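J.: Letter by letter, the chains look like this.
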Amino acid sequence: MNDDIAVGIDLGTSYSAVAVMLQGQPQVLANEWGERTHASVVSFLEDGTVLVGNNAKKNIITNAENTVYSAKRLIGRFFFSDEVKKAQAVMPYKIVEGPNNAVRLQVGQKIFAVPEISALVLKEMKAIAETALGRAVTKAVVTCPAYFNDNQRQATKDAGRIAGLEVLRIINEPTAAALAYGFGKDIRQKICVYDLGGGTFDISILEIGKDVFEVLATAGDTYLGGDDFDDRIMSWLAEDFLAKHGLDLRQNKFCLQMLKEAGERAKIEVGRDGTANIHVPGICQSPEGEVLDLSRTLGADQFNKMVMDLVQRTFKVCDEALQSARMTAGDIDAVILVGGPTRLPIVRSSVRHYFQKDPMTGIDPDEVVALGASIQASALLNLGAAEAGQASYLLDVTPLTLRVGTVGGYAEPIIDKNTPIPIEKSKAFTTSRDGQDRVKIRVYQGESKRAEECELLGEFEFTGFRIGYRGEVQIQVTFEIDSNGIVNVSATDVETGQKTSTTISLSSGLSEQDIQAARDKNAGVALAGHKAA
Amino acid sequence: MDPTFRAEVDALAQVLDQLDYFGILKLPQNAGVADVKAAYHRESRAYHPDRFAALPDPVLRDTLGRIYRRINEAYTVLRDDAKRKKYVADLAGPDRAKKLRFTEADEVQVKEDQKKKIEEQFGQTPNGRKFYAAALADIEAQRWDGAERNLKMALMYEPQNAKFKEQLASVERQKPKVDQFKIR
Chain A
1 MNDDIAVGID
11 LGTSYSAVAV
21 MLQGQPQVLA
31 NEWGERTHAS
41 VVSFLEDGTV
51 LVGNNAKKNI
61 ITNAENTVYS
71 AKRLIGRFFF
81 SDEVKKAQAV
91 MPYKIVEGPN
101 NAVRLQVGQK
111 IFAVPEISAL
121 VLKEMKAIAE
131 TALGRAVTKA
141 VVTCPAYFND
151 NQRQATKDAG
161 RIAGLEVLRI
171 INEPTAAALA
181 YGFGKDIRQK
191 ICVYDLGGGT
201 FDISILEIGK
211 DVFEVLATAG
221 DTYLGGDDFD
231 DRIMSWLAED
241 FLAKHGLDLR
251 QNKFCLQMLK
261 EAGERAKIEV
271 GRDGTANIHV
281 PGICQSPEGE
291 VLDLSRTLGA
301 DQFNKMVMDL
311 VQRTFKVCDE
321 ALQSARMTAG
331 DIDAVILVGG
341 PTRLPIVRSS
351 VRHYFQKDPM
361 TGIDPDEVVA
371 LGASIQASAL
381 LNLGAAEAGQ
391 ASYLLDVTPL
401 TLRVGTVGGY
411 AEPIIDKNTP
421 IPIEKSKAFT
431 TSRDGQDRVK
441 IRVYQGESKR
451 AEECELLGEF
461 EFTGFRIGYR
471 GEVQIQVTFE
481 IDSNGIVNVS
491 ATDVETGQKT
501 STTISLSSGL
511 SEQDIQAARD
521 KNAGVALAGH
531 KAA
Chain B
1001 MDPTFRAEVD
1011 ALAQVLDQLD
1021 YFGILKLPQN
1031 AGVADVKAAY
1041 HRESRAYHPD
1051 RFAALPDPVL
1061 RDTLGRIYRR
1071 INEAYTVLRD
1081 DAKRKKYVAD
1091 LAGPDRAKKL
1101 RFTEADEVQV
1111 KEDQKKKIEE
1121 QFGQTPNGRK
1131 FYAAALADIE
1141 AQRWDGAERN
1151 LKMALMYEPQ
1161 NAKFKEQLAS
1171 VERQKPKVDQ
1181 FKIR
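These protein sequence lines are chains A and B, in that order.
Residue 337 in the numbering used here is what sits at position 337 of the first sequence, and the numbering runs on without skipping anything.
Position in the second sequence counted from 1, then plus 1000, gives you the numbering used here.
Here chain B stands alone, though its shape is the one from the complex (with noise of 0.2 Å):
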């Protein structure tokens, strides 16, 4: 083997745990999609276990193994929009030195935060999602008092859903504005 690629391996794998997935793929971190992709490609060229299998060392080769499978979890995080997105925020956060690594738990909140954000597009109670339908069906037909107490009433099982309050806000802006004072 090179000696300079055997210095460049030692060296990697010291400071593998303190790398983040960016250093780890050698990218900057605003690197697009193609990026990614290439740099994986590249780095596959260079850490792919099958350019070792033939090593007489074992530790070696033990050390190579563990810099392609964290090349390999670089990859699949940073590849996954959604992912990428949390592990970026978790990065500028505080903790990032513990956060160098996504975890299982990691994942489970990104599937969590996807499954609340459809579940937050139609409602997440089944009343919530009742009125919230009745309301859709209103604001299609243009019954801007039906939409307006239908929403309303979603917002009561759910007053946390930021898509029921922005439906109801854009209902109030466009239901026709009438003095209530006004003797018809």
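If we strip away everything but chain A, and leave its shape as in the complex, we get (with noise of 0.2 Å):
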């Protein structure tokens, strides 16, 4: 019972973290090659074999078109979003339609949802861990932003289910982050987790009473990351590129990776050393067959101007989450950094302003989340944690307020956002017409008073209830928000106090079906760069 061992794992937008609790220490598990984070991409070889991680990320140029990266973007979202036009158009693999409004990925023949490019890197931080731990490794704490809504959410379970994983809890990357901080160090005070990912920013206020982490408020932005920071100095490069030769780079997808790549670079450069030369050699040809160099040079100044419209975004979101909180900047006890992004001088320098006090940088932001994540997932094996005091509480809250589709296309509130979660509501509904024998919600979560502005999380039909005149059945709705922010809802007829059956359809996510071929065919794909198990 007690050798039992489930790894707390950070499923990042760019980078992928796996790590455990040994011997009471939460410490991160390398790969083979002593590499520490992992490129969440995905490549598919010709053999048939499935490479990821820093290997993968190679292949995002010469094997462009079966290499998918970034998919923590599109994880949970409807093909109509604009996130997903948006990725449609930079993204050199295939983004096509599925059954309900989904999203599926074209990689040669096959087609996959976005949960099963997932499920395979965690598979490849499953293999880590065994290889590292040398056994099988089976239950898992994942990481998502705290900002994800109930989409996105059950779609990452799904993808650890499909990796063969037994999702023990979906928690949000700052409370982890914030978990791997106070872990033992027995503080009482209100802090502020600043996480700049690849793709998200979240922002999360907590107050610490010992082993209690309450979450007061959350408040983030799912479109803003360090790619943005990239793209900034990409766009740079380019305009520059199209002003000397006349040629855009962004239209061929070829060159638009290897431009991707420079940016990316670049960034990590100027933040470390203040100066970034970029030189990408051979970029591409004119028309005349003469091959053309890239090469520029850029300072910390001219980044900074680049970016700074992107740093004042996430004090707008801070400001939010500090308004719902009934704070201001200066309550704030410490400020928390997460993320790759948060090295940069720039980040850093508008935290300390923001806040007037320095931030913390103990652990490295990159793997501060996975850290977290082991701890909680060591307590959740241990039933024994709680008697012997060693067991910490995280009391987190739902981003985002739930709300019931109503007519004239309104959405009315059910559950505010920054509401502690597990929690449930219920509210009745009465049939509008005789004889009428089901009864259809659709359900959203979102800010907007407008449905069409908020997300839609799926329409459910409740039947089984008595059949009467129109206003004499009443339906008692059981809205529920569980630990992993997923929402549940069940209806009883209120008179006989019977449970109704609920059907789900319009949903994005996959079917129990789905799930389980999925699983099969995950655990049927070999991991490329591994020495034979």
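Honestly, I wouldn't trust all of these hints.
[To be verified] Capping the alpha-carbon separation at 25 Å, the derived lysine-lysine pairs in BS3-like fashion look like this: (1) A:K427 - B:K1111; (2) A:K94 - A:K521; (3) B:K1177 - A:K417; (4) A:K427 - B:K1083; (5) A:K417 - B:K1086; (6) B:K1177 - B:K1165; (7) B:K1163 - A:K427; (8) B:K1115 - A:K417; (9) A:K427 - B:K1115; (10) A:K417 - B:K1085; (11) A:K417 - B:K1116; (12) B:K1099 - A:K427; (13) B:K1099 - A:K499; (14) B:K1083 - A:K449; (15) A:K210 - B:K1037; (16) B:K1083 - A:K417; (17) A:K449 - B:K1117; (18) A:K427 - B:K1177; (19) A:K210 - B:K1026; (20) A:K449 - B:K1116.
These are calculated hints, taken from the structure and not from any lab test.
Note that the coordinates shown come from a computational prediction; the quantities given were computed from them, not determined experimentally.
Please dock the two separately framed chains into a single complex, following the hints provided.
T.: This is the structure in structure tokens:
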């Protein structure tokens, strides 16, 4: 029983990591080459195997059409969403429409749901952990951005199941980071976690009292991250190249990838050294057949000017979170930085200026989330921890208001954002026609009164209640948000107390059969680059 | 699991639907904001589902989950001044048994009350707002006759507006007394 083990996995937009508790200490597990973070890139090789991680990242250029990256930007989204349209324009892999407006990725002749791609990243994390620990790993806590909605959380959980993992819990990245910092240190204070990742930005404000981590408010932007910083450098390089040579590098997906790589490298260099020398030999050929190089120098001042508005956007989100928590920046005792882009001096100095405080950077911002997740994983397995007083309790909140659709295209709130979870709330519905035998409701998440501006979670249909005249039959619908932040809806007939049956239609998620099939498919895939087990 | 705690859980699950939110958080009705938070943290330490995630018995886990969801529900209402005020008033009313849980309808009412209060500050009807704004400008400039006339006009459109009535009374008090029949 106590022999059981569970890992914590940070499933990031650009990079992922896996950690585990060993002898009471959380630690990140490295792969065979000593790498501690792994690019969330999946490359399908010609021999049918799949390469995941930093080696797969090298294939973005050479094997562009068969290499999928930044899948997290697409997870749990509908095909018609802006983010998917944006991705279609820039991604070298094919994004196609699946059933129920879902997103599917086409690689060669094969079609994948987005969770299946994430599942391959998770499979790699599982393999790394198994190699490092020398034993089987079947249980995990997986993290997601705090601002993820129900669809995205559900899809993340599905990815875990497809990878053959029992997902003990989906926890929020900022909360995990707080756990990693606060563990065993007995700090009593109000802290703010500033989490700028590859593709998402999250802010969480927590009050820590000994072993209790209460999230007071959370806010975020799922469209803002380090990738956007790269984009700015890319545009700058491309505009300049266009002016010089009259060729737009962005028109060719191959050149675009080289440009993207150069952008990312320049960002890291300028952050570390204050200046970046960008040199990409042979990025393209002119119509006359002349091979052209891309060569520029980027200084810190210039870079800061390019990205200042992005950094400022994060503080708008901070304002929002502080307001929800009824606090000002001055009330915060400590600030934790999470995510690679928080290494940039421009981000650090802006955070310092906003909070009037030096941010805490004791733990590597790329590893802190995985470490926190592993602490939570071990606590969930260990029944004795609570009695021994070793456990920490995460009191997390739901990031978005849960709403139900009403006539005229409106969505009225049921559970407000920043409500502690798990929670349940009921609402009574009545029939509107004589002899009505089914009631349909649409559930949304978002901060707008207009349904179309919120995210549709699904349409629920209730049947099996009494049939009567209109307005006579009352159905009590219970909305529950569980500890993972995942929404469950059930209904009962008020008079008879009979549970009605519920069917979900119009959902972006995978059905139980889909998951089982995907799971078998996943189990059959061989990961490249590992020694045979 | 500790047998005394087990007995406590079973007893609590039995009476859960008869307890009000103060009972669930084990608080007196006059508890302050800090007390509510402290009680919430205390109950979370005892009933947080993470503590019991590894329990083999699914029924017991469900029961504990139900208790914890109610603890969160209690905290959500009691930490919010407006919701708590309405909840306490409902508990003191004749329908106490039906009002133990704060429903979605109660929440809508709290929001409407708040909206009404804001509207009363500025007026609910376009004409009411117009005359009230004019009256405020008159008060600012100490044109008492104008203020009185405008407030009375505003009250024609919104006879129930308490804020308007209050302003009118104060204007009437401040207005210099003149004998209407005296020939100046």
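J.: For each hint, tell me whether it holds in the structure or not.
T.: Quick rundown of the hints versus the structure:
As the CA atoms of K427 of chain A and K1111 of chain B are separated by approximately 16 Å, the hinted pair is consistent with the 25 Å bound. Of the pairs offered as hints, the one joining K94 of chain A and K521 of chain A holds, with about 20 Å between alpha carbons and a cut-off of 25 Å not exceeded. Between the alpha carbons of K1177 of chain B and K417 of chain A the distance comes to roughly 55 Å, so the proposed pair goes past 25 Å and is violated. The suggested pairing of K427 of chain A with K1083 of chain B holds, with an alpha-carbon distance near 17 Å, which does not exceed 25 Å.
At roughly 20 Å between alpha-carbon atoms, K417 of chain A and K1086 of chain B fall within 25 Å of each other, so this suggested pair holds. A threshold of 25 Å between alpha carbons decides the hint, and for K1177 of chain B with K1165 of chain B the separation of about 20 Å falls inside it, so the pair holds. Taking the CA atoms of K1163 of chain B and K427 of chain A, the gap is near 34 Å; set against the 25 Å cutoff, the hint is violated. The straight-line distance between the Cα atoms of K1115 of chain B and K417 of chain A is roughly 19 Å, inside the 25 Å bound, and the hint therefore holds.
A distance of roughly 22 Å separates the Cα atoms of K427 of chain A and K1115 of chain B; the hinted pair therefore holds under the 25 Å criterion. A C-alpha spacing of about 21 Å is found between K417 of chain A and K1085 of chain B, which places the hinted pair at or below 25 Å, so the restraint holds. Taking the CA atoms of K417 of chain A and K1116 of chain B, the gap is near 23 Å; set against the 25 Å cutoff, the hint holds. Using a Cα cut-off of 25 Å, the hinted pair K1099 of chain B and K427 of chain A holds, with the two alpha carbons roughly 15 Å apart.
Using a Cα cut-off of 25 Å, the hinted pair K1099 of chain B and K499 of chain A holds, with the two alpha carbons roughly 23 Å apart. At roughly 21 Å between alpha-carbon atoms, K1083 of chain B and K449 of chain A fall within 25 Å of each other, so this suggested pair holds. Among the hinted pairs, K210 of chain A with K1037 of chain B is consistent with the structure: their alpha-carbon atoms are about 14 Å apart, no more than 25 Å. The straight-line distance between the Cα atoms of K1083 of chain B and K417 of chain A is roughly 15 Å, inside the 25 Å bound, and the hint therefore holds.
Straight-line distance between C-alpha atoms of K449 of chain A and K1117 of chain B comes to about 21 Å, which keeps the hinted pair within the 25 Å bound. Pair hint K427 of chain A plus K1177 of chain B does not hold up; C-alpha atoms about 57 Å apart against a cutoff of 25 Å. Of the pairs offered as hints, the one joining K210 of chain A and K1026 of chain B holds, with about 21 Å between alpha carbons and a cut-off of 25 Å not exceeded. Pair hint K449 of chain A plus K1116 of chain B holds up; C-alpha atoms about 19 Å apart against a cutoff of 25 Å.
Of the numbered hints given earlier, the model fails hints 3, 7 and 18; all others are met.
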